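Student: Taking the hints into account, I'd like the entire structure generated from these sequences.
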Amino acid sequence: MGSLAEASSLPFWHVNVPPEEREEECPPYLLSARGKDLEILGTPDSDYQRMTWPELQGHISRNRLDVFQRTPIELRRYFAFNYEIKMKYGSVMNFVLGEKLHWKHPIVADGKPFEKDSDLSIKWNDWPYGIDERISHLVVWTKFPLEEDPEMGGDLTDRQRKQIDDYVEKTFRVHCGNDNVIWFRNWASLKSVHSVEHFHVMLFNADKKFLDRITVGDVPISETV
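Counting from 0, one number per residue, gives the positions in the sequence shown under numbering that gives the first Met the number 0.
For the record, the hints were derived by calculation from the structure and aren't laboratory data.
All values derive from a computational prediction rather than experimental measurement.
A hint or two may mislead.
Within a straight-line C-alpha distance of at most 25 Å, the following computed SDA-like cross-link-like pairs (lysine to any residue) qualify [said to hold, decoys possible]:
#	residue 1	residue 2
1	99	82
2	208	194
3	115	170
Tutor: Below you can see the structure in the form of structure tokens.
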């Protein structure tokens, strides 16, 4: 919906919106947009370049998680959805716990980390990043905290990384292959849900039957709204 030159002359909330649907005032769900998000929202969706699998692997290996972003249109939808969720449920955490995970608050683990399947839940990332569409973006939610090293700015301890990697190995790599699986955990400043522990797993060209089985038939919310 327009070139980059045309977009630069428009308020950011008009970009990627048909002229007949543009609002004079910024929609309330976009009022909180700042920094990188404003730049993305003001970019025509047609100009966005999706991240490739090798690019994604490189960024994760260098811990450059800040470069991940959604496509302009998906980011707008993400803001709108979260705004509605907060209005209806009070917080994103309440929605995730009650409607997606069906876990009670306070969260209490049934065993030690990665000991019991009931303490983990594998779901799709409801609002995935702007990446190659052959990449599946999953989230592993845990009832137990993930151990952080305060001297590393809140990054995971080596012991915790090994525990996660062992879990990823038996759960994903044995089915999808070493070169087709990568995982990461967002820094605290990048998390959209802070109160429920989780880490991310990305799979390249994964089998649909495997994905349906591992997520127990979950479907990303972005595909249903």
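Student: Next step is simple, just say for each hint if it's right about the structure.
Tutor: Evaluation of the provided hints:
1. Taken as a hint, the residue 99 and residue 82 pair is honoured in the structure, with Cα atoms around 17 Å apart against an allowance of 25 Å.
2. Among the hinted pairs, residue 208 with residue 194 is inconsistent with the structure: their alpha-carbon atoms are about 31 Å apart, more than 25 Å.
3. Note on residue 115 and residue 170: the hinted pairing holds, with a Cα-Cα distance of about 13 Å set against a maximum of 25 Å.
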